[in-house]
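Student: With chain A held as given, fit chain B onto it using these hints.
This is what each chain is made of:
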Amino acid sequence: MTKQEFLDRLRRSLAGLPLEDAEERLAFYDEMIDDRTEEGLSEEEAVSSFGTPEEIADQILSEIPLSRLVRERVKPKRALRAWEIVLLVLGFPVWFPILISLCIIALSVYVVLWSVIVSLYAVDLALAVSAVGGIALAVRALLQGQPTQAAAFVGASLLCAGLAILLFLGCVKATKGAVILTKRIGRWIKSLFVRKGENS
Amino acid sequence: MDAQLKRGLLDSCVLAAIRNKDSYGYQIIKDLKPYTELSESTLYTILKRLESAGMLTVRSAEHNGRLRKYYRITGAGTDRLREFREEWSEISAIAEFIIRECENDDKAGIS
Numbered sequence: 001m002t003k004q005e006f007l008d009r010l011r012r013s014l015a016g017l018p019l020e021d022a023e024e025r026l027a028f029y030d031e032m033i034d035d036r037t038e039e040g041l042s043e044e045e046a047v048s049s050f051g052t053p054e055e056i057a058d059q060i061l062s063e064i065p066l067s068r069l070v071r072e073r074v075k076p077k078r079a080l081r082a083w084e085i086v087l088l089v090l091g092f093p094v095w096f097p098i099l100i101s102l103c104i105i106a107l108s109v110y111v112v113l114w115s116v117i118v119s120l121y122a123v124d125l126a127l128a129v130s131a132v133g134g135i136a137l138a139v140r141a142l143l144q145g146q147p148t149q150a151a152a153f154v155g156a157s158l159l160c161a162g163l164a165i166l167l168f169l170g171c172v173k174a175t176k177g178a179v180i181l182t183k184r185i186g187r188w189i190k191s192l193f194v195r196k197g198e199n200s
Numbered sequence: 201m202d203a204q205l206k207r208g209l210l211d212s213c214v215l216a217a218i219r220n221k222d223s224y225g226y227q228i229i230k231d232l233k234p235y236t237e238l239s240e241s242t243l244y245t246i247l248k249r250l251e252s253a254g255m256l257t258v259r260s261a262e263h264n265g266r267l268r269k270y271y272r273i274t275g276a277g278t279d280r281l282r283e284f285r286e287e288w289s290e291i292s293a294i295a296e297f298i299i300r301e302c303e304n305d306d307k308a309g310i311s
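One line per chain: the protein sequences are A and B, in this order.
By our numbering, the letter at position 71 of the first sequence is numbered 71, and the numbering carries on one by one without gaps.
By our numbering, the letter at position 102 of the second sequence is numbered 302, and the numbering carries on one by one without gaps.
Please keep in mind that the hints were generated in silico from the structure rather than gathered at the bench.
Covered stretches of chain B (in silico footprint by chain A; criterion: 3 or more residues with CB under 8 angstroms from a CB of chain A, positions within the stretch not fixed): (1) 219-226; (2) 256-268.
A partial selection of chain B residues facing chain A, derived with a Cβ cut-off under 7 angstroms: (3) 240; (4) 241; (5) 244; (6) 245.
Glycine residues also receive a C-beta, built at the ideal position from the N, C-alpha and C atoms.
This is chain A alone, in the form it adopts within the complex:
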């Protein structure tokens, strides 16, 4: 195999690599071969000391971080081809509903989270109202001359008030948690865009 054949085969095997990266590596091997032939080796001998271009390409690709390769793949190097546009348009009935469904599912999960918190507040409010109502009923019972009933109402009222206070503490905690979660989700979504921005 001559130097040119070797470099051509290596170039083909490195097709998945970012272009500048591949060119730089090819120049590196070019120099290595020239340095060897200068020492009196033939091109064939110089080239054979490297192993096959495919083996070298395999090793190079295995050394490059996956993230870099994926990024290279995701980044469109050219305008979309006609058949790709056709596929995107024809596939619209398939990918669009799936995309929308995923977004809606995510939104639903979020709404459910806040619903739980809202219902907790509702229960808390109900307990507080019951506590006040219990006192009112107790006063009425007392006025009607029924102290036993009044005492029972006061008891129920105190119970409700206690539960309401405890639950309120829980509600505050849950709200704080949900707010933190919201911020985190926001940051995560933002980070997706930041990463995309760096690519371009």
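Tutor: Coordinates of chain B only, in the frame set by chain A:
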């Protein structure tokens, strides 16, 4: 060999090969040949890593009517070599301990 350890070793190896005089790819490979068989793609990766870490600079110079890349160590690269020597005295003390203990085991007939 442990990949992390080997990486550190080879990085320092290449830095040591260019510490006094600018060198080029094939020369580095030849200089290191008696100690370690460095493949071209491994050397390329190491040189790239050292360059982006600011431990060496690259320049192209003409040689016999073609361009050849020469690598020169930077201050950071020299610092790295000094650090390596300091770290290495610690590592070799540990290695000595491990080897001595294992030899003791061998003598005692435990494998």
